[in-house]
Amino acid sequence: MTARARWATRVIGGAALVTTALTVWLGLWVTPPAKVMGTLARLLYLHPPIAWVALYCAFGLAALSSVLYLWRRTRSLFWDRLGASAVEVGVVFTALTLVTGSLWGRPTWGVWWTWTARLTSTALLLVLFLGYLALRRVPADPDVRARRCAVAALVAFVDVPIVAFSVDWWQTLHQRGTVLNPGLTLKVHGSMAWTMGLGFLAMTLVFVWMVLVRYRVELLADRIGDEELEVSLSERWAEGATVADAAVSLALPDAAPAASTGQGAAVGLVPESLGGRR
Amino acid sequence: MTLATAPDKAAPARAARATPRRRRLRLLLVFALLAGAIVYLLVEGLGSSLDYFDTVSQALAHKTRIGTTVFRLEGVVVRGSVRRTAAGADFEVSGGGRMIAVHNSGSPPELFQPDIPVVVVGHFASVGSDLFVSSQIMVKHSATYIAAHPTRVRGPNGKIAP
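Residue numbers (this note's numbering), protein chains in the order written: chain A, 1194 to 1471; chain B, 10 to 171.
Next comes chain B alone, as it looks inside the complex (with noise of 0.2 Å):
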């Protein structure tokens, strides 16, 4: 009888407890859910307009959509090409086994050289042209360090051998 009867009496009790404890779980829940929102629409909503830039195989792709509209090209500076001018320097950018000719006006920064990746920001000269007019150089360096000279050694004199 007593077994009977205990559960009855205990259940509006255990009703009470549950009830804020289920609120908070759905509270949880309806959190995970929005910060999941969130984070789907700024990855997945914004997509490719997160992009910084557009590849030289990506730029030639849509050279008749991009016009003379001005954006960042990305692209490795093809050795031989660059060329310093009176403005700036003129050179030629790859990636993707296509190249484009850049023409900058303003100085190039500290680390621009050949073989380095770049962004520039300008237009192509006209639409349906392969020149691009520049006005900035980025240089876009990897995420790779090595030692200018990992052989060198301290000599006993202290000095470091050349």
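If we strip away everything but chain A, and leave its shape as in the complex, we get (with noise of 0.2 Å):
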């Protein structure tokens, strides 16, 4: 990471921090209680914008990393690792999702949760997910397992327009959109409506910091990864030219100097396939 990304990291970590803290001191200070919902609408200021991060933010940049895994011309690693930190962090945001609308729930409607529609495809949401992350612990060659994982992630994604539309295409207890709804009306008003803008950007600012970081640590993991091999494959090529030498020596006296020269590999004593690395 060049220090340019690490400074623009720290920026928008700062960012986040700064515009969340506004957003729960003008959503419990600031702002008026609701009609009907009164002091309970303040939830307003933190479901839909987790919602919004988890929906389209996450699962729509792993879909896009996907699409752009898939694609020949694009393809890089750099996209899987992308795409595997956006489903990472929108488990997390889907999860809160569920958590902080069952928290709603239950002074409202009268239940911490129940089948309706919404509910319900935002749960197989988090599990389609959740099995994506499971499918990335899978063993397997990196290129294999980035393939897995986009077409996985893409198969979960058909999941993300279900729940968006599933307000409108069908009778739920969830009420429609306050703002992305068919007419795109804003139905909440003043205060109250900039505060909810504010809690949208904090929350995208948070999910885009949390992205940065978890990417980075996809890429050290990477790394790690890499020079742990490189370390036991030589490890086991010193052992193995050891175990030559001396097997070489004990049958062979002579021979002895030949083997430590790296001739231990013709007489099959050092494993085929470090051989053919040497």
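Check each hint, because a few of them may be wrong.
Stated by the list, open to error - From chain A, some residues computed to sit far from chain B (all C-beta separations above 10 Å):
id, residue
1, Cys1250
2, Leu1319
3, Leu1323
4, Ala1327
5, Leu1405
6, Glu1420
7, Glu1428
8, Arg1429
9, Ala1444
Stated by the list, open to error - Chain B regions said to be covered by chain A (calculated; three or more residues, Cβ under 8 Å):
id, region
10, 38-48
11, 111-124
12, 142-150
Calculated directly from the structure, the hints in this document are not laboratory data. None of the values given here were measured: they were computed from a predicted structure. By construction, the Cβ of each residue, glycine as well, lies at the ideal position given by its N, Cα and C atoms.
With the hints as a guide, bring the two chains together.
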């Protein structure tokens, strides 16, 4: 990671912190209670922004990265790492969407959870992308894993429009969009509206910061993996050469100098798979 | 001569290149078709079975078919109809210009009030009856948020004017 990238990450992290703190302050102390819902409406500044990040930012980025990985012209492990980072952050935000929704549902609807279309499809989304993360843990060649995961992300992404439009397609307990409704009419007013807008900005910045950090972790993990492979390969080689030297000197005392120069492989005492790489 | 023979020489190489590309394209097409089929099945195949409730007019239209089976009924609580009882509350819900009387047992949620849309879980008291016996009320609030006191201002002392 370049110095500029590290600096950008820090700036975004700082901005995320400031906007989140501002949202909390405005949401809890400055904005008025809402008609009907009273003070319960304050979850408006948190729950929709979190859901926005999960659905559109995280899984949108994951789907885009997957397409760019699968497309031969843009194929690069960069897209695989970026997609994986976005999915991991997206899973956290989806879980938070369900938790904050549940906390909001109990006092307003009267239930923690119910099998209405919006909730069910969101729970399914969480399970689908948890499956993606499980798939990443299956040992495979990096390119094979990247291809599998890209396809899995695109399959799971099919659920995103279902979640988004569930409240328009079916009769559900969940209300329709306050911002993203068919007429794109903002149904929240005054200071409540711009506090919600700030909430959207804050959560998006938190998302960007988390993805940047997660991407760096993924990159470092890959590098460590490569270095560990090289170290273990050279260790195995040294081991093989020593064993070869010992064996050859035991069997053919006169041939020992030849084995020590690396000809042990020729007599089949060094694993073939390593012999090719020496 | 060179011009005439060059395409012939290049043709097999081009064909070899085109085959995996065509295969990929075919795979993509199959993938898109599968994804489309899943969405179509979910939206059209499952159709109204994914609807969480029946509205008042839907319930009354299918009253004979519904009988006394348990279902979720949605309607707006009629102003002036709410009567708190020892068990819960009796009220009427309206929708599409029609009304159904609800007898509920169990404490209603915090936001339960006149003019608010609710979903009640229960069944018609008997076949052909207009009374809905419910065991649970869920409040279905709207997506609109309006300040409770839009005109309130802070005075010079920093306190909110009543």
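Each hint, compared with the structure:
{"no.": "1", "hint": "Cys1250", "result": "21 Å, holds"}
{"no.": "2", "hint": "Leu1319", "result": "17 Å, holds"}
{"no.": "3", "hint": "Leu1323", "result": "19 Å, holds"}
{"no.": "4", "hint": "Ala1327", "result": "20 Å, holds"}
{"no.": "5", "hint": "Leu1405", "result": "30 Å, holds"}
{"no.": "6", "hint": "Glu1420", "result": "34 Å, holds"}
{"no.": "7", "hint": "Glu1428", "result": "39 Å, holds"}
{"no.": "8", "hint": "Arg1429", "result": "36 Å, holds"}
{"no.": "9", "hint": "Ala1444", "result": "50 Å, holds"}
{"no.": "10", "hint": "38-48", "result": "holds (count 4)"}
{"no.": "11", "hint": "111-124", "result": "holds (count 6)"}
{"no.": "12", "hint": "142-150", "result": "holds (count 6)"}
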